[in-house]
Amino acid sequence: MYSSKPNSYEKFTETTDTSPPTGIPVSSSNPYFSHPSHDHDHHDSDSQMPAPPPYPPRPRAPEPWKSGLFDCFSDPKNCCTTFWCPCITFGQIAEIVDKGSTSCGASGALYTLIFCVTGCPCFYSCFYRSKMRQQYTLDESPCGDCLVHCFCEYCALCQEYRELRTRGFDMAIGWHGNIEERNREVAMTPVPPVVEEGMSRDK
Numbered sequence: 001m002y003s004s005k006p007n008s009y010e011k012f013t014e015t016t017d018t019s020p021p022t023g024i025p026v027s028s029s030n031p032y033f034s035h036p037s038h039d040h041d042h043h044d045s046d047s048q049m050p051a052p053p054p055y056p057p058r059p060r061a062p063e064p065w066k067s068g069l070f071d072c073f074s075d076p077k078n079c080c081t082t083f084w085c086p087c088i089t090f091g092q093i094a095e096i097v098d099k100g101s102t103s104c105g106a107s108g109a110l111y112t113l114i115f116c117v118t119g120c121p122c123f124y125s126c127f128y129r130s131k132m133r134q135q136y137t138l139d140e141s142p143c144g145d146c147l148v149h150c151f152c153e154y155c156a157l158c159q160e161y162r163e164l165r166t167r168g169f170d171m172a173i174g175w176h177g178n179i180e181e182r183n184r185e186v187a188m189t190p191v192p193p194v195v196e197e198g199m200s201r202d203k
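Residues 1 to 203, numbered by the UniProt record's numbering, are exactly what the sequence shown covers, in order.
Be aware that a few hints might be false.
[Claimed, not checked] Listed next, the in silico DSS-like pairs over lysine-lysine satisfying Cα-Cα at most 25 Å (straight line):
1. LYS131 - LYS99
2. LYS131 - LYS66
3. LYS99 - LYS66
4. LYS77 - LYS66
[Stated by the list, open to error] The calculated label-pair distances, taken between Cβ atoms and stated as ranges, are:
5. GLY68 - THR137: 16 to 22 Å
6. PRO190 - CYS120: 51 to 57 Å
7. LYS131 - ASP170: 19 to 25 Å
8. ARG182 - PHE123: 31 to 37 Å
9. MET188 - LYS77: 27 to 33 Å
10. SER74 - GLU180: 27 to 33 Å
11. CYS150 - GLY177: 29 to 35 Å
12. ARG60 - THR118: 34 to 40 Å
13. CYS116 - HIS176: 53 to 59 Å
14. GLY68 - GLU185: 26 to 32 Å
15. ALA51 - CYS80: 56 to 62 Å
Rather than coming from a laboratory, the hints here were simulated on the basis of the structure. Predicted model only: the values in this text are computed from it and were never measured. Here a beta-carbon is modelled for each residue, glycine too, at the ideal position from N, C-alpha and C.
Construct all of the structure, not just a fragment, from the sequences and the given hints.
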């Protein structure tokens, strides 16, 4: 009654693996197997990540002025020029502060026009004091820029003139003259000869 040929169920049970299921992929015999391509991709993504931006530079601490506000008589010539013709001193300061974008004559003429119309050119000149302080990181002393020019207009102009002259500017020749003078000094500076490493060893 029973067939001598094994049925399909018996064939299946004989050929399959009888080891208990472990949940580990069949292609791996290591129980702690992890696919290497994932780690490789992870490292590649880390290496391609942009570097964090550098920390912003700290702002410089304000520097004191090279001379005091009431040291006008340390330069008697400029003191007299500013007292009788403040437009000349202001024009020279404005040309240096603006780096040659405005001439001394144009700035001095505008200063004179504001003086004749309003009688208070300090409201114009105080902006150049603020601009100059930002360029050279100077203290706002002894008080605000507007107050300094409102109450001590001539002293403020003399102080700014002396500050620029102390920093190496020739106020008489203006911005472009200073640039040409500095380029001339650089061109006349002797350059030491370059000695190649092989020649020095031979000697």
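For each hint, the structure was consulted:
no.: 1; hint: LYS131 - LYS99; in the structure: holds (12 Å)
no.: 2; hint: LYS131 - LYS66; in the structure: holds (17 Å)
no.: 3; hint: LYS99 - LYS66; in the structure: holds (21 Å)
no.: 4; hint: LYS77 - LYS66; in the structure: holds (18 Å)
no.: 5; hint: GLY68 - THR137: 16 to 22 Å; in the structure: holds (18 Å)
no.: 6; hint: PRO190 - CYS120: 51 to 57 Å; in the structure: holds (53 Å)
no.: 7; hint: LYS131 - ASP170: 19 to 25 Å; in the structure: holds (20 Å)
no.: 8; hint: ARG182 - PHE123: 31 to 37 Å; in the structure: holds (34 Å)
no.: 9; hint: MET188 - LYS77: 27 to 33 Å; in the structure: holds (29 Å)
no.: 10; hint: SER74 - GLU180: 27 to 33 Å; in the structure: holds (28 Å)
no.: 11; hint: CYS150 - GLY177: 29 to 35 Å; in the structure: holds (32 Å)
no.: 12; hint: ARG60 - THR118: 34 to 40 Å; in the structure: holds (36 Å)
no.: 13; hint: CYS116 - HIS176: 53 to 59 Å; in the structure: violated (29 Å)
no.: 14; hint: GLY68 - GLU185: 26 to 32 Å; in the structure: holds (31 Å)
no.: 15; hint: ALA51 - CYS80: 56 to 62 Å; in the structure: holds (59 Å)
The earlier numbered hint that this structure contradicts is number 13, and it is the only one.
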